[in-house]
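Chemist: With chain A fixed as given, assemble chain B onto it according to the hints.
Residue strings, one per chain:
2 protein chains.
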Amino acid sequence: MARIALDAMGGDHAPTATIAGALLALQELPPEHVIQLVGRTDAIRAELDAQLAAALPAVREQAGRLTIVEAAEVIEMTDKPSVAIRGKPNSSMAVGLRLQVDGQSDAFVSAGNTGAQMAASTFILRLHDGLTRPAIGTLFPSARVPVVVLDSGANVDCSASELVQFARLGAVYAEDVLGRPNPAIAMLSVGEEPEKGNAAVKEAHRELASGSGLNFIGNVEGRDLPMGMCDRGPVDVVVCDGFVGNVLLKFYEAVPKLIVGLLVKGGVAKEQIGAAFTGLDYAAHGGAPLLGVKGVSIICHGKSSPEAIKNGILVGLRASQSRMSDHIGQRLAAGIQGTPA
Amino acid sequence: MARIALDAMGGDHAPTATIAGALLALQELPPEHVIQLVGRTDAIRAELDAQLAAALPAVREQAGRLTIVEAAEVIEMTDKPSVAIRGKPNSSMAVGLRLQVDGQSDAFVSAGNTGAQMAASTFILRLHDGLTRPAIGTLFPSARVPVVVLDSGANVDCSASELVQFARLGAVYAEDVLGRPNPAIAMLSVGEEPEKGNAAVKEAHRELASGSGLNFIGNVEGRDLPMGMCDRGPVDVVVCDGFVGNVLLKFYEAVPKLIVGLLVKGGVAKEQIGAAFTGLDYAAHGGAPLLGVKGVSIICHGKSSPEAIKNGILVGLRASQSRMSDHIGQRLAAGIQGTPA
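Sequence lines, in order, name chains A and B. First residue of the first sequence? That's 862 in this note's numbering, and the numbers climb one at a time after it. First residue of the second sequence? That's 862 in this note's numbering, and the numbers climb one at a time after it.
Next up, chain A with everything else stripped away, as it sits in the complex (with noise of 0.2 Å):
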């Protein structure tokens, strides 16, 4: 049985979006886990009640594994990531992660403030010993399945010791989260040859080559990473300082808008587009977790729907069952170690 903490304050269409996507959730989850809606209660019991009376029967019978927790402020878009652990103790981040800490909770789950959920997580869940900061974990859609892409905005300097840790922290997740045993784990470069790169790159991938115990095939390149293959065969995992997966990432969001303008321009169906690109849909893919924290934190899109924070949701839920974790804790206190207890 696990209890998933839903931020319902978090993300532009909230409280709205993140309630039906917990309404949602509940006709996906298996009926012992629960959903606790954490914000303001006035907001999340009027929005409950008049999602509920417009809802099917099938759906208000899930309705008792909603629970509502009190959070008294809410953390804007706008708001500086400090503001989440000085300014606002008790926003609706805050207290949905304190619940974790207290044994009240099994994940967290907002599309809030992304720097404010950051630094609440590391502030709250603290971090496995080794690791300085967190990193974020995104799926790239690609030709054959989402690949892992990490860091992908948490970290804008990194050293080469913070992307062979991003290796391993990546390692975890796809093995967990998407259920890939052994997952192939490759560096971001601009060659494949392992001189080409960077500095930090460089080193970061000699330390990789040398006994790290993963499934480490190397450099891959930009072109890469649509295909999810490289020449050496496919790839789960890539490794890259979050300034550059941050830059691709929003690239990748944005690249779609050009080329239906361009297939509309010549003459292709709106409608066929639109059921071709479903897989390129974030929506699709729910949250990011952020790794490298003591317990599970899912970052969703500020612009999530409630089809993409059930998706959230439900990220979540494999995150904790899985001991994700426990399992990155394991895995960097091996170090070198090759497959996670």
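Rather than coming from a laboratory, the hints here were simulated on the basis of the structure. All values reported here derive from a predicted model rather than from experimental measurement. Take these hints with a grain of salt, some might be off.
Which copy is meant is left open, so a pair is good if it fits within one copy or across any two.
[Claimed, not checked] Simulated pairs of lysine-lysine, PhoX-like, Cα-Cα distance not exceeding 20 Å:
#, residue 1, residue 2
1, Lys1126, Lys949
2, Lys1118, Lys1164
3, Lys1111, Lys1164
4, Lys1063, Lys941
5, Lys1164, Lys941
6, Lys941, Lys1057
7, Lys941, Lys1131
8, Lys1126, Lys1164
Modeler: Positioned in the frame of chain A, the structure of chain B alone reads:
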């Protein structure tokens, strides 16, 4: 009158594609311009004769504007950059570039080994004062007009002052070759705010924002690139280090492949997609100038088609006729001056 030296031996499809590209270019170049085919005379002669024998009379008529310049050695795609300088002093690259130094040619164009071309160009043409390395300015197709991204691969570890130099180089390229007066220059980062980015980006932002004389519009994010626009208006030049630029470039080249696959699976006709994607084809944009050398060296894609070679030659002509290299020298010398002489 301009004399464009073409590396007849450079590229995956040389000399077939290079000579076909030269013949195509002659149809478009005003009659006073000539093309110098640099490479093994016998190989060039044989291929040229074969192509001319099969060509239309209009093409054959222009063949008098082609000359062959003997170069006994060929740089392979797998050769190390140093080979271009020390190992093969009589390569088509070295010979073609020396023509410029000797006042016998006005531009050099190659689809050969990029690392070797950079090394040979830097060694033979030399850099303008104040530069430590050249930068590659690549055009990224966008929903508006193509955006210059630099550096796109020459420099993987960049200091803030190198990023500032890229802004100056890119401004002259956009003005002289693309004909965009007072181009809008942006810094690629992970957020719009000046305090977002890695250490080099933040420092370069400060320098550019405080009296660089350029039309610096601040940071853009990955999502702004495919649009060619940010919240503050159109973007002409995007500055980044060569690691980020190269990863993005290769990623961008590969995304359409993924999307075409999805569309075809979704039942959209291939012909319709092809027509819509014409603007995304790198061949339409020709070569990327190696910026910062004293002279003109145009880098074409190794897979260049005759059309791409032709466009590379046209870029070389524009760079030469606009005196781009002189303007770069003046802009660098002026340092903080706003407009090139």
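Chemist: Taking the hints in turn, state whether each one holds.
Modeler: Structure-based check of each hint:
1. Lys1126 <-> Lys949: Answer is neither; intra-copy 48 Å and inter-copy 49 Å both fail.
2. Lys1118 <-> Lys1164: Answer is within: at 16 Å inside a copy they meet the 20 Å cutoff, but 27 Å across does not.
3. Lys1111 <-> Lys1164: within (13 Å within a copy, 28 Å between copies)
4. Lys1063 <-> Lys941: between (34 Å within a copy, 18 Å between copies)
5. Lys1164 <-> Lys941: For lysine 1164 and lysine 941, the Cα distance is within 20 Å only inside one copy (19 Å; across copies 47 Å).
6. Lys941 <-> Lys1057: between (37 Å within a copy, 12 Å between copies)
7. Lys941 <-> Lys1131: Classified as neither; 39 Å inside a copy, 48 Å across copies.
8. Lys1126 <-> Lys1164: Classified as neither; 27 Å inside a copy, 28 Å across copies.
The structure does not agree with the numbered hints 1, 7, 8 stated previously, though it agrees with the rest.
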